[in-house]
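Residues per chain are reported as follows:
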Amino acid sequence: MSEQSWIAFWQTVLLLGLGSYLVLAIVIVPFGARDIYRLFKNLDARDPEEGDQ
Amino acid sequence: MLETNFTGWDWLIVVFYLLGTATFGIYVNRHVHSASDYLVGGRQAGTALSIASFIGTGLGLVTLMYASMDGFNRGFAYLFVPLVAMIITMGLGASGFVISRLRELSLTTIPEYFEIRFDRRVRVLAGSICVLAGVLNMGLFPKMGATFIAYATGLVDSGESAETIVNLITSLLIVMVLAYTVLGGMVAVLVTDYVQFVILSLGLGLGIWMCLETPGLGWSNIVATWSAERGEAAFNPVHPDSFGWTYVIWMICLTFAASLCWAPEVTRALTTKDERTTRRTFFLGAPGFFARFAIPALWGITAFVYMQQHPEMSRYFGLDGNTVAVGHSSQAMPLLIGKIVPSGLLGLLVAGLMAAFMSTHDSYLLAWASITSQDIIAPIKGVKKLSDRDSIHYTRVTVILIGVFLLIWGIWYELPESVWTYMGVTGTVYVSGSATALIGGMYWKRASSTGAIWGMCGGLFAIAGLFVGSLQSIVGESIAAMISAESVALAVYGLCILLFVAGSLVFPDSTTAPEKESAS
Chain A
1 MSEQSWIAFW QTVLLLGLGS YLVLAIVIVP FGARDIYRLF KNLDARDPEE GDQ
Chain B
54 MLETNFTGWD WLIVVFYLLG TATFGIYVNR HVHSASDYLV GGRQAGTALS IASFIGTGLG
114 LVTLMYASMD GFNRGFAYLF VPLVAMIITM GLGASGFVIS RLRELSLTTI PEYFEIRFDR
174 RVRVLAGSIC VLAGVLNMGL FPKMGATFIA YATGLVDSGE SAETIVNLIT SLLIVMVLAY
234 TVLGGMVAVL VTDYVQFVIL SLGLGLGIWM CLETPGLGWS NIVATWSAER GEAAFNPVHP
294 DSFGWTYVIW MICLTFAASL CWAPEVTRAL TTKDERTTRR TFFLGAPGFF ARFAIPALWG
354 ITAFVYMQQH PEMSRYFGLD GNTVAVGHSS QAMPLLIGKI VPSGLLGLLV AGLMAAFMST
414 HDSYLLAWAS ITSQDIIAPI KGVKKLSDRD SIHYTRVTVI LIGVFLLIWG IWYELPESVW
474 TYMGVTGTVY VSGSATALIG GMYWKRASST GAIWGMCGGL FAIAGLFVGS LQSIVGESIA
534 AMISAESVAL AVYGLCILLF VAGSLVFPDS TTAPEKESAS
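In order, the protein sequence lines correspond to chains A and B. The working numbering applies: residue 1 is where the first sequence begins, and numbers increase by one. The working numbering applies: residue 54 is where the second sequence begins, and numbers increase by one.
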């Protein structure tokens with residue numbers, strides 16, 4: 001691959017990789033907050049003696 | 054020259070943010086009712102929270118530092134590391150290779166698997182090598198984090214000695230992270246990882262935007278400068294003046310093995326509510342593994358261009374061709390961030406990155422401490438499982454002991470020239486042998502306990518990669534040219550596989566794998 005091809009390659013990889021991360025972050029923020037709420041609720045509702053699932 | 058845009062207001066933002074995070078971490082302790090809650094969050098984490106924690110754990114300030122150092126020294130070629138990490142993580146999530154089985158067994162730690170599949174000796178050995186490699190690997194973290202804070206905030210320009218400032222910051226951060234890891238456990242880790250994922254995503258985006266929008270920088274200028282200074286080697290990782298094939302192949306082996314058994318990150322596979330969530334966490338979280346290396350590498354790449362444009366800086370970093378600046382590359386990215394991000398936003402960014410420092414530490418501390426209590430202390434005491442009280446007690450004591458070690462190591466240890474290579478080598482000590490035993494144990498019926506022990510001991514040879522200079526001086530010139538940290542580490546992977554297969558064939562176990570797993 002020539003130098004120019006490598007530059008185009010990394011530009012594409014960065015756009016795809018960081019674009020995916022942006023989408024991921026937008027989805028994770030609200031759903032992560034929901035999971036924390038559920039985590040606390042489940043931990044408090046669980047009988048400590050029941051052990052792992 | 055070392056002054057930045059960091060002001061008193063920025064300090065206020067940092068202090069409030071850190072106090073808030075620590076208080077929150079301690080507060081969530083009220084939801085911890087058992088050892089399972091403390092060590093693996095009761096295995097109740099959903100997909101989104103698992104992904105946030107998965108990324109939050111890997112996205113530490115130390116990752117930002119070493120990735121930016123390699124970006125600064127090697128240019129765009131370093132981006133092959135995040136690309137490999139993303140592809141491997143995505144592949145594991147899609148296939149469920151190893152990680153599905155780990156979750157199905159409801160393990161607390163990875164070495165626990167070795168007792169189920171092999172025997173107790175293998176578990177204790179795996180736990181011991183894992184903690185040795187992990188704590189050594191982590192020993193560099195505090196100084197790296199403190200270096201960032203000292204240079205991004207401009208504290209080193211205050212007249213005090215840079216070393217004193219770095220040591221004071223190191224001590225303060227370790228005390229804070231110990232407090233909420235000891236009190237909160239995995240629930241605190243999961244929740245604070247989430248908060249830090251949110252703040253860091255904003256901070257990373259801000260950093261990239263400033264790199265691309267600051268006058269004199271921008272994509273075209275950055276690419277043109279690197280092209281003029283280094284040519285194709287700045288973009289092609291296998292170019293002879295760049296990393297080269299040996300390094301690239303070693304990175305593929307290391308990333309693959311670490312994804313399967315590097316405790317702090319694989320622990321996320323154990324904390325999810327079911328096997329399906331584990332696979333989704335790996336698959337959907339893969340872009341996070343790309344971003345965690347790629348964004349700081351881009352900051353380092355941009356720092357190189359920025360320093361080139363300022364003659365005084367260029368001299369300081371040895372870029373003018375007339376000066377030699379050993380060990381300064383770790384200061385480039387923090388200085389760039391401190392100089393191009395405006396006050397206020399800089400406070401938020403530094404707060405997020407300091408939180409990232411703590412986020413990595415709490416996960417690592419908990420991972421090594423839980424392995425010590427579950428896989429070393431419990432088998433030595435002759436009990437199958439420690440009581441909840443003992444388990445939490447020993448984990449907390451170990452967390453504090455590791456914290457004390459980090460404090461001493463962080464203050465006395467000098468940063469090596471290549472931090473990423475050091476970390477790769479110390480990581481190889483454990484992951485080369487353990488990944489071999491893990492994969493062999495799951496997918497090869499004839500794998501035996503002796504093979505696993507031999508394979509894991511083979512990984513210890515990677516320590517030689519830390520003494521490459523001494524090795525080169527002993528052997529002849531022609532052989533010395535072939536010896537490097539990456540060639541030693543890569544050879545160790547082959548050695549582990551060879552020893553594992555040989556040990557298994559020569560000394561087979563008396564009981565078969567399915568019999569052992571069903572008996573457990």
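FYI, nobody ran anything at the bench for these hints, they're computed from the structure. The reader is advised that the hints may include incorrect statements.
Stated by the list, open to error - Listed next, the in silico SDA-like pairs over lysine to any residue satisfying Cα-Cα at most 20 Å (straight line):
#1 A/41 - B/77
#2 B/438 - B/157
#3 A/41 - B/157
#4 A/41 - A/30
#5 A/41 - B/177
#6 B/438 - B/449
#7 B/438 - B/77
What the hints assert, rightly or not - One side only, chain B facing chain A, incomplete, derived with CB under 8 Å:
#8 99
#9 101
#10 136
#11 254
#12 285
#13 510
#14 561
#15 563
Note that beta-carbon positions come from the ideal geometry of N, C-alpha and C, so glycine has one too.
Do the hints match the structure? See the list:
1. A/41 - B/77: Distance of about 17 Å is within 20 Å: holds.
2. B/438 - B/157: Answer holds: residue 438 of chain B to residue 157 of chain B is near 19 Å, not above 20 Å.
3. A/41 - B/157: Cα-Cα ~24 Å, so violated.
4. A/41 - A/30: 17 Å, holds
5. A/41 - B/177: Between residue 41 of chain A and residue 177 of chain B the Cα gap is close to 36 Å, so the pair fails against 20 Å, i.e. violated.
6. B/438 - B/449: Holds, at roughly 17 Å.
7. B/438 - B/77: 30 Å, violated
8. 99: Status holds, d = 4 Å.
9. 101: Nearest chain A Cβ about 3 Å off; hint holds.
10. 136: Cβ of residue 136 of chain B sits 6 Å from chain A, so the hint holds.
11. 254: 4 Å, holds
12. 285: At about 4 Å, which falls below the 8 Å cut-off, the nearest Cβ of chain A leaves the hint on residue 285 of chain B intact, so it holds.
13. 510: 32 Å, violated
14. 561: 32 Å, violated
15. 563: 30 Å, violated
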